[in-house]
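**Student:** If you want the building blocks of each chain, they are given just below.
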Amino acid sequence: MLNDIMIGQYIEKDSLIHNLDPRAKILVISFFIISIFLIESFLGYGVLALFILLTVFLSRINLKYILRSIKPLLFIIIFTLVIHLFMTKGGRVLWHWNFLSIEEEGLRMGSFMSLRLIFLISYTSLLTLTTSPLELTDGLERLLNPFKRIGLPAHELAMMMTIALRFIPTLLEEAEKIMKAQKARGADFEGGNLIQKAKNLIPLLVPLFVNAFRRADELALAMEARCYRGGENRTRMNVLAFARKDYIVTVISIIYLSLVGIFL
Amino acid sequence: MDLKKMTNIGALSALSLILMITIKFPIIPTVPYLLYEAGDLPILIIAFLYGPGAAVGATLILSILMSIFVGLGGPFGAFMHFLATGTLVFVAGYIYNHNRTQKTAVYGLLAASIAMTVIMAFANLLLTPIFYGIPRQEVLKVLVPGIIPFNIIKAFINSGLTLLIYKKLAGFLKSKGLLYSLNN
Numbered sequence: 503m504l505n506d507i508m509i510g511q512y513i514e515k516d517s518l519i520h521n522l523d524p525r526a527k528i529l530v531i532s533f534f535i536i537s538i539f540l541i542e543s544f545l546g547y548g549v550l551a552l553f554i555l556l557t558v559f560l561s562r563i564n565l566k567y568i569l570r571s572i573k574p575l576l577f578i579i580i581f582t583l584v585i586h587l588f589m590t591k592g593g594r595v596l597w598h599w600n601f602l603s604i605e606e607e608g609l610r611m612g613s614f615m616s617l618r619l620i621f622l623i624s625y626t627s628l629l630t631l632t633t634s635p636l637e638l639t640d641g642l643e644r645l646l647n648p649f650k651r652i653g654l655p656a657h658e659l660a661m662m663m664t665i666a667l668r669f670i671p672t673l674l675e676e677a678e679k680i681m682k683a684q685k686a687r688g689a690d691f692e693g694g695n696l697i698q699k700a701k702n703l704i705p706l707l708v709p710l711f712v713n714a715f716r717r718a719d720e721l722a723l724a725m726e727a728r729c730y731r732g733g734e735n736r737t738r739m740n741v742l743a744f745a746r747k748d749y750i751v752t753v754i755s756i757i758y759l760s761l762v763g764i765f766l
Numbered sequence: 078m079d080l081k082k083m084t085n086i087g088a089l090s091a092l093s094l095i096l097m098i099t100i101k102f103p104i105i106p107t108v109p110y111l112l113y114e115a116g117d118l119p120i121l122i123i124a125f126l127y128g129p130g131a132a133v134g135a136t137l138i139l140s141i142l143m144s145i146f147v148g149l150g151g152p153f154g155a156f157m158h159f160l161a162t163g164t165l166v167f168v169a170g171y172i173y174n175h176n177r178t179q180k181t182a183v184y185g186l187l188a189a190s191i192a193m194t195v196i197m198a199f200a201n202l203l204l205t206p207i208f209y210g211i212p213r214q215e216v217l218k219v220l221v222p223g224i225i226p227f228n229i230i231k232a233f234i235n236s237g238l239t240l241l242i243y244k245k246l247a248g249f250l251k252s253k254g255l256l257y258s259l260n261n
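Top to bottom, those sequences are chains A and B.
Residue numbering for the first sequence follows the working numbering, starting at 503 and increasing by one per position.
Residue numbering for the second sequence follows the working numbering, starting at 78 and increasing by one per position.
Rather than coming from a laboratory, the hints here were simulated on the basis of the structure.
Predicted, not measured: the structure shown is a model, and the values here were computed from it.
Some clues are possibly wrong.
Derived list of chain A stretches under chain B, where covered just means 3 residues or more per stretch with a C-beta under 8 Å from a C-beta of chain B [what the hints assert, rightly or not]:
#1 542-554
#2 579-590
#3 744-756
20 Å max Cα-Cα, derived SDA-like pairs, lysine to any residue [unchecked claim]:
#4 B:K218 x B:A200
#5 B:K251 x A:E720
#6 B:K251 x A:N600
Which chain B residues stay away from chain A? Per the calculated CB distances, all over 10 Å, these [unchecked claim]:
#7 I196
#8 L203
#9 L217
For glycine and all other residues, C-beta sits at the position ideal for the given N, C-alpha and C.
Can you build the whole structure from these sequences, using the hints too?
**Tutor:** Right under this line is the structure:
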């Protein structure tokens, strides 16, 4: 089941994209998402595809890793395509059989929307492929820092995210163990009606919660023993610094994405 | 922020993600692609223990993890998840933390389930056409037979399970000093 999710998919390499400041990457991605909504033509998507391919080339990540990240969302992509193919009407009739027909507009919208999803997923997966989780949470924390003034606990949020990330593999393994143990005792997680199904989950859920609380307790103790006392005055081994190349890449990308978004 | 609170919220957020991928099944035959998942349970427990703010924070963490670290639902899915779970846990946590009794827990969850269903009905109508380009009439067609009953049933199952689990955990949580009184 661990294969279904892609934690730790970070691939260590020495490339321009890898060495960028995580904040620069998050900013560019935000603009990428905005421009993907603004683009209205296939030409725009072509120009956007060039941008993605250039990033992939610069990151020296094998294209197959990016294709692999699309797999978990393949269902929703195909679903979107099929809905449009058969439901969106307009233009010439391309194919029909009994009550089913595919019209030009359906094919156009279907491929447009699936392309949008594919682009979005491949570009966001580039972020996790080229940035280690630690750098990412660090970058998020620094980006959220200005909101501290309105009471947003930036450091705590980033720390909790790191803790959650660290616990996912451990707790997943435990969940599978408990599932097997309860099945061996005759628990049934598949049969029955809805209420029965929900009730059957209790013997699985209670030990999972107890486990999670226990793990959290141990971690709190370990952190306390190492004198953790929050974000104030905390020093870091690697301090993020926005270098000249970060400014250049961010500014060029934002200009490019804005132009594509506005004009195409 | 108290360190124990931080590690608890972190671990429960991780548990939420795990429940999302391990426990899921379709509820309504007409919309088999809408899957029930038990991911809201740990966040509801956070809402009960630490209040609505902490629970919305946990939802935010979860959505970020979903969208960038884990290939679950992609950025759109993560945003919708934030809206749905965020509403649910905020309302439930807000009402329950005003006056911690079993009665307010039930009322809180009931109000939260209704609030989530209403928000998700509007969110699907407004955002699905923008995100997936699916025409609004098509969304409207599955709204009453699919989306609304799905959300209300999902929220009710999660509410019921939360009440049962919270009660079962009460003794354990008290021994950990996380829960001082359960007035029921």
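**Student:** Of the hints stated earlier, which fail here?
**Tutor:** Those not satisfied are hints 1, 3 and 6.
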